[in-house]
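**Q** Input sequences plus hints: build the corresponding full structure.
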Amino acid sequence: MRQPNNKKGPEGMAKVNKDVVKRLMSYIGHYKLRFAAVLICIVVNALAMVFCSLYLQTLIDSYITPLLQAATPDFAPLFRSILIMGCIYAVGILACLFYNRTMVSIAQGTLKRIRDEMFEHMQTLPIRYFDTHTHGDIMSHYTNDTDTLRQMLAQSIPQMFSSLITIISVFFAMLFTSWQLTIFVLCFVFIMLQVTGRVAGKSGYYFIRQQKALGDVNGYIEEMINGQKVIKVFCHEEKAKEVFDQKNEELCRDASAANSFANILMPIMGNLGNLQYVLLATIGGTMALGGVGGMTIGTIASFLQLSRSFMNPISQISNQLNMVVMALAGAERIFKLMDEEPEVDEGYVTLVNAKYDENGELTESKERTGLWAWKHPHGDGTLTYTKMRGEVRFYDVDFGYNEEKIVLHNISLYAEPGQKVAFVGSTGAGKTTITNLINRFYDLADGKIRYDDININKIKKADLRRSLGVVLQETNLFTGTIMENIRYGKLDATDEEVYAAAKLANADDFIRLLPNGYDTVITGNGGSLSQGQRQLIAIARAAVADPPVMILDEATSSIDTRTEAIVQRGMDALMKGRTVFVIAHRLSTVRNSDVIMVLEQGRIIERGSHDKLIAEKGKYYQLYTGAFELE
Amino acid sequence: MIKKLMKSIREYKKDSLLSPAMVTLEVIMEVIIPMLMARLIDYGIQAQNLGYIWKMGILLAVTAMISLMFGVLSGKFAARASAGFAKNLRKDMYYNVQNFSFSNIDKFSTASIVTRLTTDVTNVQNAYQMIIRMAVRAPIMLIFSMFMAFQVNSEMAVIFLAAAPILGIGLYLIMTHAHPVFEKVFKTYDKLNNVVQENLHGIRVVKSYVREDHEIEKFEKISTSIYNDFTFAEKLIAFNMPLMQFCMYACMILISWFGAKLIVTTGNDPVNGMSTGQLMSLVAYAMQILMSLMMLSMVFVMIIISRASAERIVEILDEKSDLTNGESPVTEVKDGSVVFDHVSFSYTGKKDKICLSDINLNIRSGETVGIIGGTGSAKTTLVQLIPRLYDVTEGSLKVGGLDTRKYDLEALRDQVAMVLQKNVLFSGTIKENLRWGNENATDEQLIHVCQLAQADDFIQTFPDKYDTYIEQGGSNVSGGQKQRICIARALLKKPKILILDDSTSAVDTKTDALIRKAFREEIPDTTKFIIAQRISSVQDADKIIVMDKGHISAVGTHEELLASNEIYQEVYYSQVKGGSEDETAE
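Residue numbers (the working numbering), protein chains in the order written: chain A, 40 to 670; chain B, 34 to 619.
Keep in mind that the hints were calculated from the coordinates and are not lab data.
Quantities reported herein were computed from a predicted structural model and do not represent experimental measurements.
Some hints could be false.
Unchecked claim - List time: in silico DSBU-like cross-link candidates among lysine-lysine, alpha-carbon distance up to 30 angstroms:
1) 47/B / 241/A
2) 151/A / 217/B
3) 286/A / 254/B
4) 251/B / 542/A
5) 500/A / 414/A
6) 71/A / 455/B
7) 37/B / 278/A
8) 217/B / 286/A
9) 278/A / 40/B
10) 268/B / 151/A
11) 294/B / 254/B
12) 217/B / 280/A
13) 286/A / 251/B
**A** Dropping the structure here:
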């Protein structure tokens with residue numbers, strides 16, 4: 040008995056989205072032949088079951104009763120008939136085996152396709168999508184939603200189809216055997232559905248309450264365990280127990296009620312079935328004695344079997360229906376993700392390896408030359424190559440994450456190749472937003488950005504981003520060895536290149552001290568490495584990519600001052616000869632920048648070198664002397 | 034393990050016993066029905082006795098109703114028993130966690146404790162309910178049906194004796210082969226989720242390095258292995274239904290053939306031979322036997338799945354706090370003096386991974402002590418020993434002239450207030466949060482400590498002032514504000530020793546200075562330990578301790594250290610060069 044512990048319960052019962060069903064069918068369509076074979080096998084299997092029920096009548100009325108009257112009973116015809124039944128059963132069993140196993144392939148194959156397509160599509164989505172959807176929600180598409188879909192494809196669909204076939208064929212078999220008793224069975228089924236529907240409704244109501252109470256208790260446990268050390272320091276244990284007991288008691292009450300209703304459903308169904316069975320026998324027997332409707336013992340026996348075969352699939356279908364509705368809702372959410380607009384990229388300027396030919400002209404080169412150029416195709420079919428230098432200019436840029444709220448106003452700035460540009464300002468001033476515009480995570484509302492004198496909208500996004508190295512405040516490493524993590528910056532980097540990059544970032548020393556050196560495996564939360572060490576690996580990762588332009592977003596803010604000195608040395612080495620954009624919390628990191636921009640509410644309010652800004656005694660001076668919190 | 038878990042049943046023992054009892058009665062009723070039915074057919078319909086048919090019919094209907102009643106009762110008892118068991122289990126675990134020391138908490142991660150208290154308990158609750166209902170029902174049904182079948186006709190019943198083990202062994206083989214594959218699949222599932230999770234967290238990195246294709250490749254590799262394993266396991270499971278049908282049909286055929294022969298040769302005699310009615314009751318028993326075997330295999334899987342959860346729960350229940358009060362503990366802390374006497378400490382308790390070695394310090398009551406040092410230099414470890422959050426491994430630590438192990442834990446911690454580095458506010462109003470320090474504090478006292486911690490100003494700007502609701506984890510106040518509320522909360526305890534573990538890192542230097550000034554003026558008798566990154570936070574302390582890799586590098590005043598200690602100089606110059614030209618409002 041599975042409990043509906045999916046929060047998105049069956050409230051959507053009423054509307055089953057037809058498009059979703061169609062789309063799901065198109066996935067199953069990849070297995071057209073096999074799926075058709077499955078359906079046929081289900082029909083065969085269901086019919087075998089009906090034959091099995093009907094056979095009792097044949098057995099009793101056509102063989103046992105005549106044989107009883109025969110003086111010398113001849114069992115040969117009975118043997119033949121049983122042999123035929125045996126063959127029918129064998130076919131039924133084979134059909135059952137075939138459809139069950141084939142359905143596994145179809146369901147799993149479909150799921151794999153959906154999962155792969157979903158992930159593939161997710162990779163093309165713009166950053167904006169990830170901003171507006173929580174990780175938990177997106178994750179649930181891969182876990183809950185696919186899981187219910189799996190259950191529906193592998194279990195519910197074949198079971199429902201089989202039940203439907205059984206119901207129809209049994210119904211006709213019953214009608215054929217005795218229409219009077221059939222009417223009785225229908226009435227009884229109606230009553231049973233009424234009763235169970237009511238109980239299921241009650242159960243559903245309490246399940247929702249139980250889910251709520253469970254969420255409440257779990258939430259409380261989570262908060263308390265997270266603060267367990269504080270509880271200890273304040274000797275607050277007794278108080279924490281008191282509230283817990285109260286919530287726990289509430290949950291126990293609701294869970295008890297919810298499970299009670301769910302638990303009694305099965306005995307009610309089962310025993311009502313028994314009751315129907317008994318009443319049928321009594322009525323049938325009475326009819327047989329009264330000679331009504333040509334009732335025989337064989338008919339009664341068969342009918343009793345049939346009525347059982349009729350009840351079971353009905354309760355099956357009502358169970359599965361819930362599952363299907365839940366799964367379709369999940370499928371709808373999955374398809375919604377797949378329908379999200381991908382990042383548009385109308386860029387056509389690409390980044391290529393370049394070399395100077397004998398005429399001193401820049402041309403494309405097959406090998407890596409260390410020299411890069413922008414390949415710029417023109418409308419008249421000609422190609423020009425521009426050397427990549429790393430010059431970035433903003434012209435009157437406005438930007439807002441949504442149309443109503445502009446977060447950057449009128450930003451103009453230029454970074455010459457090799458310059459270090461720093462952004463300073465409180466949280467929300469728009470520092471990170473500026474860097475997000477350079478690599479086109481978002482598109483501008485107004486104004487333009489030129490990169491080496493090319494409008495960045497014309498540059499292919501992949502090529503633009505390849506030319507920019509990014510180190511973020513939150514270091515995201517991936518499960519795998521340190522070697523693999525550094526190599527993430529350049530997938531075909533040799534081991535030597537990785538070592539060199541690590542050395543440049545000042546990371547080589549500590550990596551070599553780890554028990555497994557570069558083969559040390561980093562797991563999800565990377566508990567084995569300190570924040571500083573993780574940051575150094577991220578810097579090495581950027582170093583191996585060797586881009587002409589670097590963006591360092593709060594790269595050292597969560598490191599203590601002594602470690603920062605080491606990381607700083609790594610970064611200084613990395614910054615040499617590159618255009619660098621730095622965002623820093625600690626002003627010591629930005630002090631030696633060529634230009635410092637002080638941002639406030641999306642506007643540049645001061646700009647200039649450190650000495651100039653200190654002399655001006657403006658906002659920067661106040662920040663620098665610690666008179667303001669940056670938080 | 035089971036014994037340990039059973040202890041949590043307690044007041045639900047009655048329900049736990051009544052449920053299987055009711056199930057047994059229900060099963061008995063259900064098993065009687067086919068037998069009565071056989072009589073109805075043989076003596077009623079065959080013998081053309083209408084009165085008997087109705088008599089039997091009413092008797093049968095009553096039996097079915099009684100069975101229904103028992104079934105409903107067993108369901109209710111089982112629900113109450115399992116919900117109650119889960120409640121007690123949760124409570125026992127939670128209470129034990131409250132007794133955990135810091136090192137117990139470190140041993141299990143927070144997330145793992147939460148999972149054990151939530152998901153694992155739910156799993157065990159479901160399994161428990163299954164056990165006291167299904168696990169009882171299936172074997173009893175099996176035995177009684179078998180018994181009744183023998184009663185009806187022992188020769189025919191032999192067929193069941195042959196069929197039951199075939200199905201039983203078949204199901205067992207399928208389950209035991211499929212189960213390990215499923216375990217593997219679930220591990221691969223975790224990997225898949227991990228890839229997605231990392232991808233979501235690092236989406237900016239992925240996009241910046243244009244590694245979308247690389248990520249897709251990684252994903253598809255795992256997705257393929259899930260497909261392969263899952264298909265393999267499910268195809269094994271797909272044998273269940275055909276096997277079941279095979280046994281059912283085989284029984285039907287055998288019953289039909291031998292039954293028909295027997296009926297004909299004995300002349301349809303229900304007493305000495307075999308009758309049509311009995312044939313039908315045998316068919317019914319065949320169904321009941323096979324169904325209960327099917328159910329048994331389901332229960333079997335459920336129990337296997339929940340076993341891992343049960344083990345994890347018992348781990349928590351078995352964990353004993355390693356910090357206990359000694360005999361006749363002292364409940365009064367005389368003053369705020371702290372003496373470290375050759376103290377060494379290791380988190381594992383073993384001597385190979387020493388975090389603090391041979392610490393000697395002598396701090397007088399009322400002194401202000403600054404502690405400075407890089408990450409991993411064991412600053413936090415040092416101060417956590419003072420309220421006895423951990424026990425020293427070697428040497429002795431005296432607070433108020435007495436070894437910390439001689440105090441009553443609660444009394445000691447009441448006098449040693451600590452503001453943790455990773456501090457938390459709980460969901461509730463600011464007032465409620467502050468009252469953690471002292472439940473009976475008056476509003477005036479609250480405002481007073483907040484003034485000391487420089488928190489009153491910003492609290493007054495909130496629309497609801499001290500009744501402002503703090504979201505879980507304190508997400509609706511800034512880092513600096515959170516730290517100040519936490520300091521106020523600690524001050525409310527009126528401690529003899531106050532420890533601030535990097536507790537003003539998000540507070541600006543000016544406010545930081547104001548807090549220290551308030552400390553000096555308002556609580557001069559309290560010993561204050563201040564761990565900080567900023568030199569400015571500690572330079573006016575009576576003593577500054579410079580920590581380096583678990584050792585004390587030097588102790589002295591700002592001037593002394595600046596003149597003699599290399600590490601201190603290094604930190605100082607890196608900050609002065611880069612940061613404040615020291616305006617620390619002195």
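**Q** For each hint, tell me whether it holds in the structure or not.
**A** For each hint, the structure was consulted:
Only pairs whose Cα atoms come within 30 angstroms are accepted, and residue 47/B paired with residue 241/A is accepted, the gap being roughly 26 angstroms. Straight-line distance between C-alpha atoms of residue 151/A and residue 217/B comes to about 17 angstroms, which keeps the hinted pair within the 30 angstroms bound. Restraint check for residue 286/A and residue 254/B: not satisfied, since their Cα atoms lie roughly 44 angstroms apart, outside the 30 angstroms limit. Distance check on the hinted pair: residue 251/B and residue 542/A sit about 28 angstroms apart at the alpha-carbon level, within 30 angstroms; holds.
Between residue 500/A and residue 414/A the alpha-carbon distance is near 14 angstroms, which keeps this suggested pair within the 30 angstroms criterion. Distance hint between residue 71/A and residue 455/B is unfulfilled; the C-alpha atoms sit about 58 angstroms from each other, more than 30 angstroms. Proximity of residue 37/B to residue 278/A is assessed by CA-CA distance (about 26 angstroms); at most 30 angstroms being required, the pair is judged to hold. Proximity of residue 217/B to residue 286/A is assessed by CA-CA distance (about 36 angstroms); at most 30 angstroms being required, the pair is judged violated.
For the given pair, residue 278/A sits about 24 angstroms from residue 40/B by alpha-carbon distance, which is consistent with the 30 angstroms threshold. A hinted pair counts as satisfied when its Cα atoms are at most 30 angstroms apart, and residue 268/B with residue 151/A qualifies at roughly 16 angstroms. Distance hint between residue 294/B and residue 254/B is unfulfilled; the C-alpha atoms sit about 61 angstroms from each other, more than 30 angstroms. For the suggested pair residue 217/B and residue 280/A, the alpha carbons sit about 38 angstroms apart, so the restraint of at most 30 angstroms is broken.
A C-alpha spacing of about 44 angstroms is found between residue 286/A and residue 251/B, which places the hinted pair above 30 angstroms, so the restraint is violated.
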